[in-house]
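Undergrad: From just these sequences and the hints, can you work out the full model?
There are 2 protein chains.
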Amino acid sequence: MSAEPARFISPPSLLDHVRPQALALPESGIVEVMNYGRERPGMIPLWAGEGDLPTPSFISEAATRSLAAGETFYTWQRGIPELRAAIARYMARLYGIPDDPERFFVTGSGMQAIQIALAATLSAGDEIIVPSPAWPNAAAAAEVVGAQTVFVPFAYDSARGFALDLDRLEDAVSPRTRVIFINSPANPTGFVASHETLRGVLDIARRHGLWIVADEIYGRFYYEGGENGLAPSFHDVMEPEDRVLFVQTFSKNWAMTGWRMGWIEAHPVLGDVLENLIQYSTSGVAAFMQRAGVAALDRGESFVAHQIERARRGRDIVADALLPTNRVRLVKPPGALYLFFGVEGERDMRSLALRLIDEANVGLAPGTAFGPGGEDFIRLCFARGEVQLAEVADRLVRWLNR
Amino acid sequence: MSAEPARFISPPSLLDHVRPQALALPESGIVEVMNYGRERPGMIPLWAGEGDLPTPSFISEAATRSLAAGETFYTWQRGIPELRAAIARYMARLYGIPDDPERFFVTGSGMQAIQIALAATLSAGDEIIVPSPAWPNAAAAAEVVGAQTVFVPFAYDSARGFALDLDRLEDAVSPRTRVIFINSPANPTGFVASHETLRGVLDIARRHGLWIVADEIYGRFYYEGGENGLAPSFHDVMEPEDRVLFVQTFSKNWAMTGWRMGWIEAHPVLGDVLENLIQYSTSGVAAFMQRAGVAALDRGESFVAHQIERARRGRDIVADALLPTNRVRLVKPPGALYLFFGVEGERDMRSLALRLIDEANVGLAPGTAFGPGGEDFIRLCFARGEVQLAEVADRLVRWLNR
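Chains B and P, in that order, give the protein sequences.
Residues in the first sequence are numbered from 43 upward in steps of one, following the working numbering.
Residues in the second sequence are numbered from 43 upward in steps of one, following the working numbering.
Source of the hints: derived by calculation from the structure; they are not laboratory data.
Among the hints, erroneous ones may be present.
Away from chain B, derived, C-beta distances all over 10 Å, residues of chain P [unchecked claim]:
(1) Ser174
(2) Glu185
(3) Glu351
(4) Ala361
(5) Val429
Just a sample of chain P residues kept apart from chain B, beta carbon distances all over 10 Å, derived [stated by the list, open to error]:
(6) Glu124
(7) Val215
(8) Trp253
(9) Glu428
Cβ-to-Cβ under 7 Å is the rule here; a few derived chain P residues that face chain B [unchecked claim]:
(10) Val60
(11) Ala64
(12) Ala66
(13) Gly112
(14) Thr114
(15) Trp118
(16) Ser151
(17) Ser325
(18) Ser344
(19) His348
(20) Ile350
(21) Arg352
A quick note: this is a predicted structure, and the numbers were derived from the prediction, not measured.
Glycine included, each C-beta is placed from N, C-alpha and C at the ideal position.
TA: Below, the structure is given as structure tokens:
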């Protein structure tokens with residue numbers, strides 16, 4: 043502020059030379075709470091989006107066999123043909139779409155599927171619209187490429203929970219908008235878009251020439267489903283030429299969070315673009331890991347059914363215990379793996395999360411970690427067994443009634 | 043060009059809406075040749091930067107044990123502490139640097155190490171300097187973030203091979219330059235920077251406030267080494283506060299190309315930045331894979347020594363057969379895993395590579411795949427056993443003398 047030249051400038055630090063967008067990346071808001079609570083004896087951690095079951099052995103053993111057979115060389119950037127075929131079969135079976143392996147591109151995690159989908163569609167200075175609160179990593183991945191995230195808050199109704207307001211969504215479109223990111227069923231809100239809402243989003247995308255990045259990774263964790271149990275999907279409403287990129291993961295359905303394996307589904311005409319983006323980021327996924335993916339898809343149905351049923355029971359155990367206390371703002375979520383709720387009299391969710399570790403020995407994630415609209419909520423992951431969730435429910439009810 | 047409104051415009055295709063930088067990414071120039079030759083009976087493929095040995099079983103079995111023990115959950119974004127400690131021990135042993143795990147960040151391949159190093163340092167519109175010919179993926183990763191690559195051709199001397207001209211390097215620095223990418227020992231040229239050259243590069247980087255991304259993945263494949271056998275390294279000439287990011291891989295030393303595992307070495311002050319970039323790309327590497335990395339580093343020395351000796355023999359077998367024909371332009375490379383040579387009378391290396399498949403049943407990579415300066419050369423990877431390489435030498439010599 044003074045015209046006097048500064049005489050004692052310290053040499054520029056390494057951090058001064060880091061790219062500004064990289065320096066500005068948010069740290070995960072959950073990490074502080076995890077670090078605070080990680081070592082508490084008896085603490086039950088429900089802060090991460092992860093169940094407590096290890097990967098089933100029929101899946102792990104497929105990787106082990108492949109390793110023992112020496113499948114340790116470079117492989118196809120898009121994924122081994124056997125896995126792309128298995129994904130195509132699986133998706134055709136689930137969604138009634140054509141069985142076409144050329145639509146599928148194996149990635150090193152669902153996160154990388156998002157990163158590559160955004161690298162294919164967003165340039166520096168572009169905008170992406172994200173309904174919020176939301177899992178923060180999609181917006182952060184957009185920031186890495188220098189794009190801006192425009193958050194559109196979900197509407198909230200204490201009877202019906204979270205809803206997507208299509209007018210608000212369309213109002214957020216600007217000349218710089220390139221992508222609408224739709225996660226349904228949603229983390230952390232449990233929001234599930236109806237077919238009507240999906241059609242509305244698609245209409246907006248068509249009108250404005252936008253991409254939709256569809257994150258339907260919780261598509262099978264839907265508790266109001268009919269016969270096939272699936273949440274409504276863009277597969278049900280789109281035309282083949284619509285600009286929809288699906289991102290998927292093996293993490294939740296098959297208890298493979300630690301594997302870092304997922305896929306992108308896209309029109310085959312995008313094949314070369316996506317392959318190049320894979321090539322220039324991680325150059326593909328280990329073939330022996332992909333063999334495990336084939337086992338999961340081809341032989342995992344009874345395990346997935348078990349996971350879904352367990353999650354539904356988990357949701358009911360905790361929600362049915364919390365609701366009668368009348369001290370929570372909670373609507374039973376129709377989908378995904380989370381209760382996202384407010385607590386009467388509590389405004390500071392970060393400090394509430396820290397206190398619940400001390401006072402209830404339960405680890406939850408503050409809603410502040412999920413962006414605008416999350417401030418009044420806290421997230422509990424119910425992908426656990428009933429005994430543990432009954433204990434969690436007891437601890438929380440005792441704390442609420444203290 | 044006409045004022046007349048176009049009446050028969052076809053609807054914009056999906057590709058029209060892809061981000062221009064993503065659409066413009068180069069396809070690997072090796073793929074065409076591989077696709078042409080892949081199925082030939084008896085063809086010996088030396089086009090990839092990969093040996094023919096599978097990962098040793100003591101490494102694979104560490105992953106298998108971890109999988110069987112259920113290590114299939116989310117883990118540390120920066121890498122499991124055991125692997126970061128093992129890398130630190132290994133690097134301290136090799137380079138005499140302090141044993142500090144905080145300097146190391148596990149990545150999903152050496153390629154991802156490069157991608158993240160560039161995402162930390164390059165914005166859209168920035169420039170990166172790459173001596174050329176070079177492995178094309180670093181430049182391509184820079185293009186993904188919207189940066190431009192400025193290639194600086196190596197000097198070539200038919201007696202001494204490839205050399206880096208520091209004046210030319212400094213002349214390439216512009217106000218937009220942020221990074222100098224130095225690969226030594228180099229793919230495809232076999233160039234190895236002397237300590238004097240490394241000091242010169244460091245001086246240029248210091249003078250202009252630039253980052254160095256140091257790709258020393260072939261640092262142990264050095265055939266003119268003294269006691270420790272290592273190629274000169276930036277470790278030997280830098281100060282702790284210099285802006286050097288090292289990228290590394292498990293691929294070559296431990297025959298783990300298919301694993302997609304590597305690391306970044308950086309000043310610990312960059313820890314949060316690098317962790318965030320990992321989080322928002324693949325969110326880390328499977329813990330069970332990392333256990334294999336620990337085994338490789340802690341128990342892999344005799345295997346690595348065998349690999350290096352095998353490569354040296356491989357280099358000699360082929361080079362000592364080709365040189366006496368007087369039909370090749372070849373200097374025995376002091377490092378890395380490649381012969382990069384010209385053939386008398388041959389100008390079109392793409393067509394030469396295709397003809398060598400038909401006429402010599404040997405698969406090589408055209409130098410055109412490696413950017414400016416590579417046009418007159420063809421690449422042969424000698425990371426194979428002697429019997430096969432002797433056969434390759436025979437076939438090539440017969441073809442040259444045909």
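Undergrad: With 10 Å as the threshold, tell me whether Val429/P passes as away from chain B on beta-carbon distances.
TA: holds, 19 Å
Undergrad: For the restraint on Ala64/P, tell me whether the closest CB of chain B is nearer than 7 Å.
TA: holds, 5 Å
Undergrad: At 10 Å, judged by beta carbons, does Ala361/P keep clear of chain B as stated?
TA: Non-interface label stands for Ala361/P: nearest chain B Cβ at 25 Å, farther than 10 Å.
Undergrad: Can we keep the Ser151/P interface hint, with Cβ of chain B closer than 7 Å?
TA: holds, 5 Å
Undergrad: Does the CB of Thr114/P sit less than 7 Å away from some CB of chain B?
TA: holds, 4 Å
Undergrad: Is the nearest CB of chain B more than 10 Å from the CB of Val215/P?
TA: Val215/P is indeed farther than 10 Å from all Cβ atoms of chain B, at 15 Å.
Undergrad: Tell me if Trp118/P is really an interface residue toward chain B, meaning its C-beta lies closer than 7 Å to one of theirs.
TA: With a minimum Cβ separation of about 11 Å from chain B (threshold 7 Å), the hint on Trp118/P is violated.
Undergrad: Does the CB of Val60/P sit less than 7 Å away from some CB of chain B?
TA: holds, 5 Å
Undergrad: Measuring from the C-beta of Ser344/P to each C-beta in chain B, is the shortest one below 7 Å?
TA: violated, 18 Å
Undergrad: Verify that the Cβ of Ser174/P lies farther than 10 Å from every Cβ atom of chain B, and report whether the claim holds or is violated.
TA: Nearest chain B Cβ is 17 Å from Ser174/P, so the label holds.
Undergrad: Would the hint on Arg352/P stand, with a C-beta cut-off of 7 Å toward chain B?
TA: violated, 17 Å
Undergrad: A cut-off of 10 Å on Cβ-Cβ distance, and Glu124/P was said to be off the interface with chain B. Does that hold?
TA: Nearest chain B Cβ is 15 Å from Glu124/P, so the label holds.
In this structure, the hints that do not hold are numbers 2, 8, 12, 15, 18, 19, 20, 21, in rising order.
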